[in-house]
Amino acid sequence: MRAIACSALLALAVTPALAQKQSPFAEYQRMANENSPIELFEILGEEAWKKRQGTKNVSLEQCDLGQGPGVLKGAYAGLPRYFADADRVMDLETRLLHCMMTLQGRSREEATKRVFGNADNPSEMALLSAYIARASNGMPMRPGSGHPKERATIELGQKLYFHRAGPWDFSCASCHGEEDKRIRMSELPVLYKPEHARPMLSTWPSYRVSTSVLVTLQWRMNDCYRQMRMPEPVYGSEATVALISFMTKAAEGATYRGPAIKR
Amino acid sequence: MAGPMKMRATLAGGNTDVRVLMSHPMDTGQGGKTPPYFIQNVTVKVNGRTVIEGQISQAISRNPVFSFRLKGGSKGDRIEVSWLDNKGDSNKTDAVIA
Numbered sequence: 001m002r003a004i005a006c007s008a009l010l011a012l013a014v015t016p017a018l019a020q021k022q023s024p025f026a027e028y029q030r031m032a033n034e035n036s037p038i039e040l041f042e043i044l045g046e047e048a049w050k051k052r053q054g055t056k057n058v059s060l061e062q063c064d065l066g067q068g069p070g071v072l073k074g075a076y077a078g079l080p081r082y083f084a085d086a087d088r089v090m091d092l093e094t095r096l097l098h099c100m101m102t103l104q105g106r107s108r109e110e111a112t113k114r115v116f117g118n119a120d121n122p123s124e125m126a127l128l129s130a131y132i133a134r135a136s137n138g139m140p141m142r143p144g145s146g147h148p149k150e151r152a153t154i155e156l157g158q159k160l161y162f163h164r165a166g167p168w169d170f171s172c173a174s175c176h177g178e179e180d181k182r183i184r185m186s187e188l189p190v191l192y193k194p195e196h197a198r199p200m201l202s203t204w205p206s207y208r209v210s211t212s213v214l215v216t217l218q219w220r221m222n223d224c225y226r227q228m229r230m231p232e233p234v235y236g237s238e239a240t241v242a243l244i245s246f247m248t249k250a251a252e253g254a255t256y257r258g259p260a261i262k263r
Numbered sequence: 264m265a266g267p268m269k270m271r272a273t274l275a276g277g278n279t280d281v282r283v284l285m286s287h288p289m290d291t292g293q294g295g296k297t298p299p300y301f302i303q304n305v306t307v308k309v310n311g312r313t314v315i316e317g318q319i320s321q322a323i324s325r326n327p328v329f330s331f332r333l334k335g336g337s338k339g340d341r342i343e344v345s346w347l348d349n350k351g352d353s354n355k356t357d358a359v360i361a
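Going down the list, the sequences are from chains A and B. Here the first sequence is numbered in my numbering, starting from 1 and rising by one per residue. Here the second sequence is numbered in my numbering, starting from 264 and rising by one per residue.
Be careful, since some hints might not be right.
In silico DSSO-like cross-links for lysine-lysine, where the CA-CA straight-line distance does not exceed 27 Å [said to hold, decoys possible]:
id, chain 1, residue 1, chain 2, residue 2
1, B, Lys355, A, Lys50
2, A, Lys262, A, Lys73
3, B, Lys338, B, Lys355
4, B, Lys269, B, Lys334
5, A, Lys50, A, Lys73
6, B, Lys296, B, Lys350
7, B, Lys308, B, Lys334
8, A, Lys262, A, Lys113
9, B, Lys269, B, Lys338
10, A, Lys149, A, Lys193
11, B, Lys269, A, Lys51
12, A, Lys181, A, Lys159
13, B, Lys269, A, Lys73
14, B, Lys350, B, Lys269
15, B, Lys296, B, Lys334
16, A, Lys262, B, Lys269
17, B, Lys355, A, Lys51
18, B, Lys269, A, Lys50
What the hints contain is simulated information worked out from the structure, not anything from laboratory work.
Put together the whole structure using the sequences plus the hints.
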């Protein structure tokens with residue numbers, strides 16, 4: 001056996017078009033996706049899921065993500081949703097935080113001390129998200145929308161999306177409210193339109209090539225508020241969950257393709 | 264520095280496609296605060312025999328992914344990929360061709 005080539009992979013993957021329309025950005029996304037190191041983070045995420053910690057010294061393996069305690073398959077694709085035990089709508093990270101506090105006996109302060117990692121040291125929450133999201137890959141996204149609190153949360157998310165505030169009088173819609181806009185090489189999706197929301201929401205959490213950081217949707221909400229020069233939203237708060245719920249509802253029915261890679 | 268590695272080796276039309284992921288900071292040192300820290304050597308073995316001795320540099324990204332095609336190969340052959348960085352740290356992983 002002899003090596004005949006040792007270079008970056010150029011084989012054509014059999015993947016459906018990543019964006020709704022053909023654009024150089026979609027081609028870039030497709031090529032980047034073929035060479036994603038995200039699986040390395042999933043390995044670490046599995047370790048984090050099984051790691052015993054907290055005052056109760058237990059793992060998260062009995063955490064109920066909506067499909068029953070410890071069931072990972074399809075769990076991410078069914079979020080956000082209403083959880084009766086907490087009497088609120090939760091996205092993945094909020095639910096994980098809930099499990100860390102109730103199952104493991106950790107304090108909110110300790111569990112949220114470092115929710116956004118960096119290139120050298122990804123956060124526990126990001127690693128867990130990658131591992132759990134993988135178990136929904138290929139499944140249709142079906143966030144909860146039947147319970148009154150789910151409907152209320154989606155409505156609140158819609159209001160927040162268009163709510164202008166802060167020193168620049170920005171809302172999410174200021175950047176994500178008009179088609180065919182972009183910032184540098186990033187197309188700006190109009191996230192309440194299903195054809196825009198689907199390719200976006202079905203690829204979080206993601207590995208960002210430009211920063212080498214594994215990022216989550218809660219991070220995305222936090223960073224958008226930073227970019228809008230608004231006060232920092234509370235991690236896992238009603239507001240961030242509402243925005244995620246609103247956008248995920250718009251993406252409903254999309255096949256989950258993450259965890260993926262982004263610019 | 265021994266973060267995880269992951270590899271897949273699949274037979275495709277008489278050739279073997281190998282894809283290997285490595286965790287490494289691949290620091291260029293150009294930030295000025297840290298010395299360069301990067302993988303220097305990548306070695307690929309098939310059933311214990313070396314088939315690739317690669318030298319790479321800081322130009323390769325953090326957490327690199329390598330894909331390459333080996334001529335031939337058959338199910339059950341063991342492929343081993345190892346790396347050695349400029350601080351002398353190393354890591355390796357292996358996989359059986361599927």
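Comparing the hints with the structure gives:
1. Lys355(B) x Lys50(A): Roughly 24 Å between the alpha carbons, so the hint for Lys355(B) and Lys50(A) holds.
2. Lys262(A) x Lys73(A): Holds, because 24 Å separates the two Cα atoms, which is no more than 27 Å.
3. Lys338(B) x Lys355(B): holds, 21 Å
4. Lys269(B) x Lys334(B): Satisfied, since the Cα-Cα distance of roughly 21 Å is no more than 27 Å.
5. Lys50(A) x Lys73(A): holds, 16 Å
6. Lys296(B) x Lys350(B): Given pair Lys296(B), Lys350(B) holds - Cα atoms ~17 Å apart, limit 27 Å.
7. Lys308(B) x Lys334(B): holds, 13 Å
8. Lys262(A) x Lys113(A): Holds - the C-alpha atoms of Lys113(A) and Lys262(A) are around 25 Å apart, at most 27 Å.
9. Lys269(B) x Lys338(B): It holds: about 18 Å lies between the C-alpha atoms, which stays within 27 Å.
10. Lys149(A) x Lys193(A): holds, 22 Å
11. Lys269(B) x Lys51(A): holds, 21 Å
12. Lys181(A) x Lys159(A): holds, 22 Å
13. Lys269(B) x Lys73(A): OK: Lys269(B) and Lys73(A) at ~22 Å, within 27 Å.
14. Lys350(B) x Lys269(B): holds, 22 Å
15. Lys296(B) x Lys334(B): Violated, because 43 Å separates the two Cα atoms, which is more than 27 Å.
16. Lys262(A) x Lys269(B): It holds: about 20 Å lies between the C-alpha atoms, which stays within 27 Å.
17. Lys355(B) x Lys51(A): holds, 24 Å
18. Lys269(B) x Lys50(A): holds, 19 Å
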